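Participant: One-letter residues, chain by chain:
2 protein chains.
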Amino acid sequence: MHRYFFPFLLLIVLGCQQPMPEKPASQSTVTTDPLPSWRATAARQRILDFVTAVTDTASADYVPPAQRIATFDHDGTLLTEQPVYFQFRFVFARLRAMAPQHPRWKRDRLIQAALDNDVEKVFSYGGQGISKLITIAHSGVTTDEFARSARNWMRTARHPTTGRPYSEMVYQPMLELIGYLQAHQFKIFMVTGGTTDLIRPWVEEVYGIPKEHVIGSRYKLSYRLSDSGKAELWVEPAMEFFNNEENKAIAIHQFIGQRPILAVGNSDGDIQMLEYATSGVGERLGVLIHHTDSQREWAYDRQSNIGRLDKGLDKARQNNWLVVDMQKDWQVVYPFEKQAKEPAGQDTLVH
Amino acid sequence: MHRYFFPFLLLIVLGCQQPMPEKPASQSTVTTDPLPSWRATAARQRILDFVTAVTDTASADYVPPAQRIATFDHDGTLLTEQPVYFQFRFVFARLRAMAPQHPRWKRDRLIQAALDNDVEKVFSYGGQGISKLITIAHSGVTTDEFARSARNWMRTARHPTTGRPYSEMVYQPMLELIGYLQAHQFKIFMVTGGTTDLIRPWVEEVYGIPKEHVIGSRYKLSYRLSDSGKAELWVEPAMEFFNNEENKAIAIHQFIGQRPILAVGNSDGDIQMLEYATSGVGERLGVLIHHTDSQREWAYDRQSNIGRLDKGLDKARQNNWLVVDMQKDWQVVYPFEKQAKEPAGQDTLVH
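Here the protein sequences line up with chains S and E, keeping their order. Just so we're aligned: 96 in numbering that gives the first Met the number 0 is position 97 of the first sequence, and the numbers increase by one with no gaps anywhere. Just so we're aligned: 309 in numbering that gives the first Met the number 0 is position 310 of the second sequence, and the numbers increase by one with no gaps anywhere.
No wet-lab data here; the hints were simulated from the structure. Keep in mind that the hints are not guaranteed to be accurate.
Pairs count within a copy or across copies, as identical chains cannot be separated in the list.
Claimed, not checked - Below, computed lysine to aspartate or glutamate pairings styled on DMTMM-like, alpha-carbon distance capped at 25 Å:
1) Lys210 / Glu119
2) Lys229 / Glu282
3) Lys327 / Asp309
4) Lys210 / Glu336
5) Lys210 / Glu282
6) Lys210 / Glu245
7) Lys219 / Glu245
8) Lys229 / Glu245
9) Lys210 / Glu144
10) Lys120 / Asp324
11) Lys229 / Glu244
12) Lys186 / Asp48
13) Lys310 / Asp226
14) Lys229 / Asp60
15) Lys131 / Glu239
16) Lys186 / Asp309
17) Lys314 / Asp267
18) Lys210 / Glu244
19) Lys337 / Asp324
20) Lys219 / Glu239
Predicted model, so just to flag it, every value in this text is computed and none were measured.
Just need the whole structure built from these sequences, with the hints factored in.
Facilitator: Given below as structure tokens:
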């Protein structure tokens with residue numbers, strides 16, 4: 000599988016930038032359908048109308064390309080976040096790889112729970128527990144070394160319930176949306192609570208998003224010259240910035256310097272990003288992906304510990320944000336459904 | 000002057016992206032000369048050779064476009080930094096505009112010195128003094144309000160010795176270099192000790208660099224909803240990140256996520272950025288602009304309080320960085336020399 004992993008991903012990306020009409024849809028304009036995995040619902044129409052309004056030079060809502068900034072959350076917006084955030088899986092795997100060099104970890108119950116893959120027990124330690132584990136798994140290496148381990152993990156890791164590579168657990172309709180926006184000269188940024196350095200090494204291959212457009216959580220770095228005079232950056236065991244809620248809006252300003260005209264998220268952690276985007280002058284669109292499909296993906300919102308979407312649903316009503324219903328609005332969820340040429344929903348997930 | 004300020008700048012930018020051969024140079028390939036304001040010296044040749052090596056697909060040193068990252072310092076590298084950094088001039092002007100609302104400032108000698116435009120006296124307070132003034136001038140407003148004041152100042156401010164707009168005090172050879180690199184699919188980032196928010200509002204017009212490619216010093220921000228429910232970011236009176244020396248390499252990783260293959264600076268504050276860039280695998284180029292021209296610009300290096308280049312000159316020798324001699328390597332320094340069609344050096348600066 001590993002050998003054709005990247006060419007395969009490239010195909011997905013290229014495929015979504017110039018979508019090929021493999022599957023005749025119900026519309027008459029099949030050959031130019033930019034969003035073939037979206038059903039012909041009001042959600043799809045609202046996205047198309049928005050893009051037309053801001054890109055048509057004759058439109059009152061026209062926005063020049065330099066200002067066509069779109070920000071996307073990652074977990075649960077582009078990638079399945081159930082039954083556990085992919086980053087936690089990376090952390091557990093990395094701790095297992097590091098464990099032989101750390102015999103003292105045997106006496107640490109939290110770390111031991113992670114090494115045993117006991118997610119429930121790790122969660123019982125609350126936010127501080129998982130935060131400690133993430134820090135251990137990220138620090139004490141150079142940024143170059145960390146990038147290598149992130150890339151290798153992404154090549155080999157498998158989703159716990161489907162057994163598929165994580166790169167296949169991305170949402171096909173969102174790949175198409177990214178490609179559609181890029182074809183209309185939007186600049187796509189990923190604004191995620193995940194750590195930037197875990198995502199950048201493979202983000203171009205998987206999503207067609209440039210490395211420098213990933214804005215995530217980050218650790219403190221220190222600059223050192225090696226014995227041979229080579230400049231290196233070391234990851235220190237201290238989180239510098241946790242990119243969630245209000246910090247997402249702040250990071251957007253610090254990194255991009257202008258309000259997005261389109262922001263897409265799926266949980267309460269994305270509320271401020273959507274507020275910040277849609278508070279700007281002119282035509283704006285805020286989008287929340289609502290996980291409603293217990294057959295093809297997962298169904299969860301107000302009560303979930305992962306990707307909770309509670310206040311966000313109320314805010315969406317107040318602010319006229321678009322709520323995408325995954326079950327109703329998406330004809331296909333994952334790329335492999337499309338490739339299998341089977342009717343949507345036939346790929347069963349055991350969970 | 001104000002009304003045709005931006006169209007004029009746009010002309011410069013467009014002009015440097017597709018340079019017009021107004022001035023026959025000594026080479027035979029006049030019509031395709033990408034760097035007409037550079038003399039035919041070894042410095043110019045080394046830059047051309049580097050770009051050819053990394054962009055020719057048949058070359059052993061070929062670098063794919065996604066990795067063609069080039070970072071440029073600002074003050075003294077793209078813009079004249081003498082007799083005082085442009086940011087200090089902005090700060091003094093902004094304090095004067097704010098003063099009527101702050102009667103207590105009358106009792107503060109440091110602020111009073113700034114209001115009197117007494118640069119020497121302000122400098123006598125050391126780094127902490129200027130740092131306090133910059134903080135006062137930047138904070139207590141929303142990022143949107145600050146952007147407006149930065150844009151307005153840039154439109155109206157004049158260089159203290161030439162009386163020209165700051166946008167005309169940029170180096171024509173560097174505009175050409177940026178355009179030349181962009182034409183070869185380089186991504187150009189500005190990595191500056193100046194505050195990001197002061198530069199972004201006009202960086203596209205002046206340099207053709209996108210807003211999101213400015214990486215500078217930054218202040219802490221807070222997120223608030225206004226009474227009408229509009230999301231706003233407020234600048235707090237606390238510097239969060241001073242982007243100089245080691246922090247330049249760190250910020251490059253946090254914002255860009257890969258080592259530049261080309262880095263250009265002019266002072267000791269740029270040493271780590273050049274070390275970080277040139278420590279990478281493959282063909283790399285580190286460049287220092289050496290201010291050697293007391294006639295057309297200023298001549299300063301090891302002893303200067305502004306833009307000191309001391310250790311950098313030694314590092315350049317050790318690391319084989321290119322040192323550009325402004326007097327010998329540049330045929331033209333400022334855009335207006337070119338436009339005036341006068342022999343270079345005839346525009347006298349009084350200083």
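Participant: Hints first: check each against the structure and report whether it holds.
Facilitator: Results for each hint:
1. Lys210 / Glu119: neither (33 Å within a copy, 44 Å between copies)
2. Lys229 / Glu282: This pair counts as between: shortest inter-copy Cα distance 15 Å, intra-copy 49 Å.
3. Lys327 / Asp309: Close inside one copy (20 Å), not across copies (66 Å); limit 25 Å.
4. Lys210 / Glu336: For Lys210 and Glu336, the Cα distance exceeds 25 Å both inside one copy (28 Å) and across copies (39 Å).
5. Lys210 / Glu282: between (28 Å within a copy, 21 Å between copies)
6. Lys210 / Glu245: both (23 Å within a copy, 22 Å between copies)
7. Lys219 / Glu245: both (20 Å within a copy, 13 Å between copies)
8. Lys229 / Glu245: between (37 Å within a copy, 14 Å between copies)
9. Lys210 / Glu144: For Lys210 and Glu144, the Cα distance is within 25 Å only inside one copy (17 Å; across copies 30 Å).
10. Lys120 / Asp324: Result: close neither inside a copy nor across copies, 32 Å intra and 64 Å inter.
11. Lys229 / Glu244: Between copies only: 16 Å across chains, 38 Å inside a chain, cut-off 25 Å.
12. Lys186 / Asp48: Answer is within; shortest intra-copy Cα gap is 18 Å, inter-copy 32 Å.
13. Lys310 / Asp226: between (53 Å within a copy, 19 Å between copies)
14. Lys229 / Asp60: So Lys229 and Asp60 pass the 25 Å test across copies only (20 Å; inside, 50 Å).
15. Lys131 / Glu239: both (14 Å within a copy, 24 Å between copies)
16. Lys186 / Asp309: neither (29 Å within a copy, 40 Å between copies)
17. Lys314 / Asp267: within (9 Å within a copy, 50 Å between copies)
18. Lys210 / Glu244: both (22 Å within a copy, 24 Å between copies)
19. Lys337 / Asp324: within (19 Å within a copy, 60 Å between copies)
20. Lys219 / Glu239: both (5 Å within a copy, 13 Å between copies)
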